[in-house]
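What follows is the residue order along each chain.
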Amino acid sequence: MTLQITETPPPYIEKKTRRGARKVPLREQLIGWIFVGPFGLVFLAFLVAPLAYALYLSLFRKAMIGGTSFVFLGNYAKAFTDPSFLDGAWFVVRFSLVLIPVQMLISLAMALILDMVTSSFARFSRLMIFLPYAIPAVIGALMWGFLYSKNFGPLGDIFGLFGASAPDFLSNDLVFYGLLNIVTWQWAGYYMIILYAALQGIDPTLYEAARIDGASSWQIVLRIKVPLITPALVLILVFALIGTLQFFNEPQILRDLAAGTIGPDFTPNMYAYQQAFGLANFNYGSAISFALGGVVFVCVYIFLFATRKRGSFLS
Amino acid sequence: MKRKPFLAAATALVLAGTLAACSSGDDDTSSSDGGSGGGGSDASSCTNTIPKTDLPAVTLWAWYPNMELVVDNFNEQNDEVQVCWTNVGQGGDEYEKFQTAIAAGTGAPDVIMIEADRIPTFQIQEALVDISDYGYEDVRDNYSEGAWKDVSVGDAVYGVPVDGGPMGMIYRKDIFDQYGITPPTTWAEYEQAAQTVRDAGGPLFGDLGANVPAVMMALQIQKGADPFSYDTADPENIGIELNDQASKDVLDYWGGLVEKGLVGTQDQFTPEYISGVINGDYATYISAAWAPGYLTGAGVGEGADSGQFAVAPLPQWDPANPVQVNWGGSAFSVTSQATDPELAAKVAFGIYADEASLTDGWTNQVIFPLNLNALEDPAFADLAVEFFGGQQANKEVYVPAANAYGGFTYSPLQQYYYDAMTEQLAAVNQGSIAGSEAADALHDDVVGYAEEQGFTVQ
Chain A
1 MTLQITETPP PYIEKKTRRG ARKVPLREQL IGWIFVGPFG LVFLAFLVAP
51 LAYALYLSLF RKAMIGGTSF VFLGNYAKAF TDPSFLDGAW FVVRFSLVLI
101 PVQMLISLAM ALILDMVTSS FARFSRLMIF LPYAIPAVIG ALMWGFLYSK
151 NFGPLGDIFG LFGASAPDFL SNDLVFYGLL NIVTWQWAGY YMIILYAALQ
201 GIDPTLYEAA RIDGASSWQI VLRIKVPLIT PALVLILVFA LIGTLQFFNE
251 PQILRDLAAG TIGPDFTPNM YAYQQAFGLA NFNYGSAISF ALGGVVFVCV
301 YIFLFATRKR GSFLS
Chain B
1 MKRKPFLAAA TALVLAGTLA ACSSGDDDTS SSDGGSGGGG SDASSCTNTI
51 PKTDLPAVTL WAWYPNMELV VDNFNEQNDE VQVCWTNVGQ GGDEYEKFQT
101 AIAAGTGAPD VIMIEADRIP TFQIQEALVD ISDYGYEDVR DNYSEGAWKD
151 VSVGDAVYGV PVDGGPMGMI YRKDIFDQYG ITPPTTWAEY EQAAQTVRDA
201 GGPLFGDLGA NVPAVMMALQ IQKGADPFSY DTADPENIGI ELNDQASKDV
251 LDYWGGLVEK GLVGTQDQFT PEYISGVING DYATYISAAW APGYLTGAGV
301 GEGADSGQFA VAPLPQWDPA NPVQVNWGGS AFSVTSQATD PELAAKVAFG
351 IYADEASLTD GWTNQVIFPL NLNALEDPAF ADLAVEFFGG QQANKEVYVP
401 AANAYGGFTY SPLQQYYYDA MTEQLAAVNQ GSIAGSEAAD ALHDDVVGYA
451 EEQGFTVQ
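Heads up: the sequence lines are chains A and B, in that order.
Position 267 of the first sequence, counting from 1, maps to 267 under the UniProt record's numbering, and the rest follow consecutively.
Position 236 of the second sequence, counting from 1, maps to 236 under the UniProt record's numbering, and the rest follow consecutively.
This is chain A alone, in the form it adopts within the complex (with noise of 0.2 Å):
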């Protein structure tokens, strides 16, 4: 895999591709077009549009009484200062540091543990840790809200063999813990797809003159394995850093077994969702969306930012 995200080319290759650019002939030139036309249109049509109209939309205000009026920025002024999306914005975001380390751990512990091992114990067991992902997220929510349940669940029957009653992952005290152990059971297995790969593809020629170098196998983990994979590992990151500050399925789910503990504002894609859909407040849901998304985008930038540093450090 290589490390589109981390490196920019260097600047005589950009200079040299747009002065040669100028002298693709017309009809080369069309022909480029009519290749990315198809994709060009369905990216205006189901991307660009949407998201303009949404824009559009979130520069509004619609009332009951009174009907819709212009108020540019006011509705993300009002996001910024609303407890509603600020606690659910600070919820993913507290959410996502401890799930991403906890994810990349375990996705990476399994997957240095399967490149180790070559029997076809390892190709089941990678399947069936790849398992999870495969079940729509939906369903696998589901699944965990029965998991979980005190009356008709294993965890009751389990913690009673020791004389204690079950914890409810439902609760208030507990949700956090409920949901990561949702998140990570659904994602970590196709982490572990992607580090796998990544491992596969180091030239076994490095191992072996680590050996003959007299390296252990912890050695070749930590100096060979780690490092070679970084590029990988930073993909996995951004993209666990996307989903959970997106996070929606799983809570949204669960919502209907704990609408108590699981508000329509528990984080700020199921807010957005409550206002447009259930309150018929489109133009503020819409502005919620959008905040959302800067401050995902302000996230992986300063996040890509400071692994930028870090990926020439450790080279």
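Just so you know, the hints here were simulated from the structure itself, not pulled from any lab data.
Treat each hint with caution, since some may be false.
[Claimed, not checked] Covered, in the sense of this in silico footprint (three residues per stretch, anywhere, with C-beta under 8 Å from a C-beta of chain B), are these stretches of chain A:
1) 63 to 73
2) 253 to 264
3) 278 to 284
All residues carry an ideal CB built from backbone N, CA and C; glycine is no exception.
Assemble chain B onto chain A, guided by the hints.
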């Protein structure tokens, strides 16, 4: 693991899966209807099979459990119009889809099942049609004044009533016998009985679920609260009174029961709660007349606990002046996106109004009918309800409750109010605030929202 809760869980899982399937499947309904502005001539999107394909079809969204039979009955008997029915989900799920269709200006059905408390919310968005000119006079005598009041805003009528939800106290006979208590008639007795059962090491006496704010609203109204005053003749003004003494008293009462550990705090309608009901974890269930149908559908009252349930009138604050309240109940409304409102109104008036459908509804306790032909039928009053072990529940509890019910004024803020109430009830359940504080917080929250929506709050 006991077998029954597991079975109930499995059933609920399947149900939940079906609902998920419904909510993803409705997309093709709305998109196929999209072009014709909601006029459903596309028979492929119907759940039912239309027998008379040469007749015009009217699209309908509804979630009554026996809807399939009701639609078939209507289509068979009618030679003028046919119904194309889809179940797009219950309650909130359906309203979200309708809300989207309203905003899009397309995709709504011609006729839609709505609970009475949501009518003002959609009426203020001009999403519903006034049906008073479309045959209202012909069927007016089939329903009581109160029933019409619930579906009217001012002089305009926005729905055809089908069922109501007079409230009562469902209880476990075995638990009451075991602890030697009789059904409480006042809320003070209710608390006493709960204490007796608890002191003897018995189960919880009831449940305060944060996700059923409509129950709390009804119980507050029973004490004398008057949450909203609203009239479309004067749409800019709204009266909001959520923290008066009556509201605070009721919230403090229930908050106190929670604090003393007398009632549970589990969300209702969840598999967890239902398995608790099956297990006998709750001695009472404060609920409406449609509850037996819901509970039976979820597997309650079968096997070992069949015949264990009975119902008594709702406990009162002042037994000298009893007040009866309502939870739920719904109507059929014609949407403003209907291609032919007159034809749609014919469906709204006719569907679930024939004898066969109504009888099926009340014998299976799926609905509590508001149609007087059914309500005044002696067979209805005398029905020995199987769920209640043969008790004549209608005669003893629900019919008197329905007759004494005075009607509510619902507001266009209902969804926001329920969400905010859920949040406050959750806080009360966690013991972080007292009931009266919750009432104050709720009041400020809803007033703020109303002002933001352009209302002048009085």
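### Task
Could you work out which earlier hints the structure fails to respect and list their numbers in ascending sequence?
Checked against the structure, no hint fails, so every one of them is satisfied.
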